[in-house]
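A.B. asks: Chain by chain, the residues run as shown.
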Amino acid sequence: MNGMRIAWRVTRLNFRAQLEYRTEFLLMIAIGAIWQVSVIVFATVLLTRFTGMGGWDSSEVLLIPATRMLAHALFVLLLGRVHGAGRQIQEGRIDIYLTRPMPVYRQLQLAFFPTNAIGDLTVAVGLMVGALSRSHLDWTPGRISYLIAAIVGGMFLEAALFTAITCAGLRFPAADYWSRWLEELLGTFGSYPLNVLPKAVGGLLTYGLPLAFVAYFPAAVLTGHGHDTGVPYWLAAVSPLLGVVAYLGSRVLWRWSLRHYAGVNG
Amino acid sequence: MAVLHAWRAARVTPLGELHAPPRMTAVLVRLAVQVVLVASLWHGLYAHTGTTAGLTEGQAVTYAVLAVLASRLRELDQYAGRDTVLQHMHFGTIVYWYLRPLPPQRYHALRALGEQVYGFAWALGGYLVCLAAGVVDPPRSAAVAGVFALSLFLGQCVLYFVLLTLDQLCFWTVRNNAAMLILIFAQNLLSGVYAPLWFFPDWFITLSGFLPFQATLSVPLSIYIGRIPLSDAFEQLAIQAFWVVALFLFTRFLWRRAARRVISQGG
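Chains as they are written, first to last, in the numbering used here: chain A, 1 to 266; chain B, 1 to 267.
Chain A on its own, in the form it takes in the complex:
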C-alpha cells in the first residue's frame, strides 16, 4: 500500500515535470495521437482497396486494430518504460536504481511520465467506439468481458515482449535496437487478419513472435473466425490468459537477468 502511494506521488511529480515544457508536452500528446492515426490510415486504405480481407468483412477487421491499439495505449501508459530502456542501461541508471529501496523494475517504470500515452489512449478509444458502432455482433456481457480481457491480455503480452528485450539489454545494451523493430512489427502486422499471409509467415508471427495473440486471435474468436486461424480454437481462445502468463514469465526472467547484471563497468 505504501509502495502504491509512493508510486502515485512520483507519477504526479513526473507529470508536473513534463508540464514544465508546455510546447513539448502538447507535441508529445499529438505524437501519440498521430502515431495511432497512421495505423488507422493504413488499415483504412487496405480495407477500402481490398474488401473482404482474408474472408473478414471490414467491420470485423476493424476490431483487430481497435483491440491492438487500445492494448498498446494501456501498455504505453502503465508499463511502457521498458520500451527503449536500453538508454537507461547504457547511461548506468540501473546502477543507481539498485541502491534505492524500491524494486528496480518499478523505478524503471516511474522514470518519467509517458505524455504520449494521452494521445494514444484518445485515438485508441475513438477507434474502439467506431469499431463497436460498426460491428454487427450481439454484444452480450460475455463478449464484452472477453473483449476487456483481450485488451488487458494484449497489454501484458506487449509488456512481456518488451521486458524480455530489456532483459537482453541488461547484458547487451545494443539489444535495444530490437525494441524499435518490435514496435514496428506490432504496428504494421498486428492490425489485420494474418490469414492473408502465407502459412509459414503466419506461423512465424504466431509461434516465433507471438504477435497474433495480441489482437488477431481474440478478434477471431469474437467474430466467429476462431476456427480459421490455423491454430487450435482453444489456443486462440486463451490468448488473454497467455498474455498474463507471458508477462509473469518475463518478470521471472527480469529477476534472473538482474541478478546476473554486471553493471556498465563490468
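I should point out that these hints are in silico values taken from the structure, not numbers from a laboratory. Check the hints yourself; a few may be wrong.
[As the list claims (entries may be wrong)] In silico contact screen, one side only, chain B against chain A (beta carbon under 7 angstroms); selected entries:
1) 22
2) 40
3) 44
4) 45
5) 49
6) 96
7) 178
8) 189
9) 261
[Unchecked claim] Label pairs and their calculated CB-CB ranges:
10) A:23 <-> B:259: 18 to 28 angstroms
11) A:22 <-> B:92: 20 to 30 angstroms
12) B:259 <-> A:22: 20 to 30 angstroms
13) A:203 <-> B:131: 46 to 56 angstroms
14) B:207 <-> A:249: 17 to 27 angstroms
15) A:22 <-> B:82: 24 to 34 angstroms
16) A:95 <-> B:150: 49 to 59 angstroms
17) A:23 <-> B:238: 54 to 64 angstroms
18) A:244 <-> B:24: 29 to 39 angstroms
19) B:25 <-> A:17: 33 to 43 angstroms
20) B:242 <-> A:133: 38 to 48 angstroms
21) A:200 <-> B:125: 18 to 28 angstroms
[Said to hold, decoys possible] Which chain A residues stay away from chain B? Per the calculated CB distances, all over 10 angstroms, these:
22) 11
23) 24
24) 38
25) 49
26) 81
27) 136
28) 145
29) 207
30) 235
31) 241
32) 253
33) 259
34) 262
We treat Cβ as the ideally placed atom computed from N, Cα and C, and that holds for glycine.
Position chain B against the provided structure of chain A, taking the given hints into account.
C.D. replies: Same frame as chain A, but now just chain B:
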C-alpha cells in the same frame, strides 16, 4: 587536403557501424524479415484482386519491397555516436562544431553523405538479392532505370534537407524529439512508405503534391514501377529539383541565424 578531410568526416558513421558486427547482423536479419513479410502481405492482399488503383500485383509488391530497402538509406543509429545536433545542444557541446576549421554546415552534410552512401550499399545489396530471387521486377528499360536513379538521388537530397531543418530546429527549441517523431510520421505517410500513395483518396494525393515528402520516395519508386510514365517524369523531376533548391536556400538561411544563437556554456 580538403578531400582527405571530407573523406574522414564522411566515413565516421559507416566506420562505427563496421566495428559493431552485432548491429550489422541485426540490420541484416531485420531487413530480410521485413522484405519477406512485406512481399507476403502484398501478395496475400492481391490474391483475390486484379489491378487496384492502377497497380498490378507485381508493381505493388515491387513498390513495397523497394520502400523497405530505401528506408535503410537514412536509418543509422546516429544517437549511439552521441553526435546528433540534439545531443550537442543538450550537453552544451554544439559550440565545438563552430571552433573547428570545418564549417558546421559542411560537417553536417559530410556526415550525412557518408551515412547515405553506407545505407545505399545496404539497399543496393538487398535490391540485387531481391531481383535475383524474383521478389521485385526489373525496370522496364534502361531509360526508366536512368530516370529512376536521377529521381532517387534528388529524393535523397530532399530528404537530407528536410531532416536538416529538424536538426536546425534544436537551435531554437533545444529539444526536437516530438517534432522529429511527427516528421518521421509525415515522411512515412506522405512519401508512401506505409502504402503507395496511389491507394489513397484523390484529395490526399493532391494534398501531398504540395509537400516535399512525396518527392523523397513516392516519385522515384513510381517511376521505377512504371506508374509514372517517362513522358510525365520530367515534370516530376522538375518538382523534385525545385524542392532541393528551395530547401537548400531555406536551410542555408537557418544556418546563418543558428550561428548567432550559439553560446558556450555559461554564456
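A.B. asks: Could you run down the list of hints and mark each one as holding or not?
C.D. replies: For each hint, the structure was consulted:
Interface restraint check: residue 22 of chain B against chain A, minimum CB-CB distance 6 angstroms, threshold 7 angstroms, status holds. With a cut of 7 angstroms, the hint placing residue 40 of chain B at the interface with chain A holds, because the nearest CB-to-CB distance is about 5 angstroms. Below 7 angstroms, beta-carbon pairs count as interface contacts, and residue 44 of chain B has one with chain A at about 4 angstroms; its hint therefore holds. A cut of 7 angstroms between beta carbons decides the hint on residue 45 of chain B: the least distance to chain A is about 5 angstroms, and the hint holds.
The closest approach between the C-beta of residue 49 of chain B and any C-beta of chain A is roughly 6 angstroms, which is under the 7 angstroms cut-off, so the hint is satisfied. For the restraint placing residue 96 of chain B at the interface with chain A, the shortest Cβ-Cβ distance is roughly 21 angstroms, beyond the 7 angstroms limit, so the hint is violated. Checking residue 178 of chain B against chain A: minimum C-beta separation of about 3 angstroms stays under 7 angstroms; hint holds. Checking residue 189 of chain B against chain A: minimum C-beta separation of about 6 angstroms stays under 7 angstroms; hint holds.
The criterion of a C-beta within 7 angstroms of any C-beta in chain A is not met by residue 261 of chain B, whose closest approach is roughly 17 angstroms, and the hint is violated. Taken as a hint, the range 18 to 28 angstroms holds for the pair residue 23 of chain A and residue 259 of chain B, whose Cβ atoms sit roughly 23 angstroms apart. Taken as a hint, the range 20 to 30 angstroms holds for the pair residue 22 of chain A and residue 92 of chain B, whose Cβ atoms sit roughly 23 angstroms apart. For residue 259 of chain B and residue 22 of chain A, the hinted distance range of 20 to 30 angstroms is satisfied, since their beta carbons lie about 27 angstroms from each other.
Against the hinted window of 46 to 56 angstroms, the Cβ-Cβ separation of residue 203 of chain A and residue 131 of chain B comes to about 27 angstroms, which falls outside the hint. The hinted range of 17 to 27 angstroms is not satisfied by residue 207 of chain B and residue 249 of chain A, whose Cβ atoms lie roughly 47 angstroms apart. Remark: the range hint 24 to 34 angstroms for residue 22 of chain A to residue 82 of chain B is upheld by a beta-carbon distance near 28 angstroms. The hint said 49 to 59 angstroms for the Cβ distance between residue 95 of chain A and residue 150 of chain B, and at roughly 52 angstroms that hint holds.
Under the hint 54 to 64 angstroms, the C-beta atoms of residue 23 of chain A and residue 238 of chain B, about 37 angstroms apart, miss the expected range. Separation of residue 244 of chain A from residue 24 of chain B is about 37 angstroms and conforms to the stated range, judged on CB atoms against 29 to 39 angstroms. With their beta carbons about 38 angstroms apart, residue 25 of chain B and residue 17 of chain A fall inside the hinted range of 33 to 43 angstroms. Remark: the range hint 38 to 48 angstroms for residue 242 of chain B to residue 133 of chain A is upheld by a beta-carbon distance near 45 angstroms.
As the Cβ distance of residue 200 of chain A to residue 125 of chain B is approximately 24 angstroms, the hint placing it in 18 to 28 angstroms holds. Look at residue 11 of chain A: its CB is around 21 angstroms from the nearest CB on chain B, clear of 10 angstroms, so calling it non-interface holds up. Distance to chain B contradicts residue 24 of chain A as a non-interface residue, since its nearest Cβ pair spans about 6 angstroms, not more than 10 angstroms. Its beta-carbon lying about 6 angstroms from the closest one in chain B, residue 38 of chain A breaks the requirement of being farther than 10 angstroms from that chain.
The Cβ of residue 49 of chain A sits about 5 angstroms from the closest Cβ of chain B, inside the 10 angstroms cut-off, so the non-interface label is violated. Every beta carbon of chain B lies more than 10 angstroms from that of residue 81 of chain A, the smallest distance being close to 15 angstroms; the non-interface claim holds. For residue 136 of chain A, the condition that its CB be more than 10 angstroms from all CB atoms of chain B holds, with the nearest at approximately 22 angstroms. Against the 10 angstroms criterion, residue 145 of chain A stays outside the reach of chain B, whose nearest CB is about 32 angstroms from its own CB.
Residue-level check passed: residue 207 of chain A sits 15 angstroms from the nearest beta carbon of chain B, beyond 10 angstroms. Once the 10 angstroms rule is applied to beta carbons, residue 235 of chain A is consistent with being away from chain B; the minimum gap is 22 angstroms. The beta carbon of residue 241 of chain A is kept farther than 10 angstroms from every beta carbon of chain B, the shortest such distance being approximately 27 angstroms. Consistency note on residue 253 of chain A: stated as away from chain B, and its beta-carbon is indeed over 10 angstroms from all of that chain's, at 20 angstroms minimum.
Chain B leaves residue 259 of chain A outside its interface by the beta-carbon criterion, the shortest separation being 24 angstroms against a cut-off of 10 angstroms. Residue 262 of chain A, annotated as away from the interface, keeps every beta carbon of chain B farther than 10 angstroms; the closest lies near 17 angstroms.
Taken one by one, the earlier hints fail for this structure at numbers 6, 9, 13, 14, 17, 23, 24 and 25, listed in ascending order.
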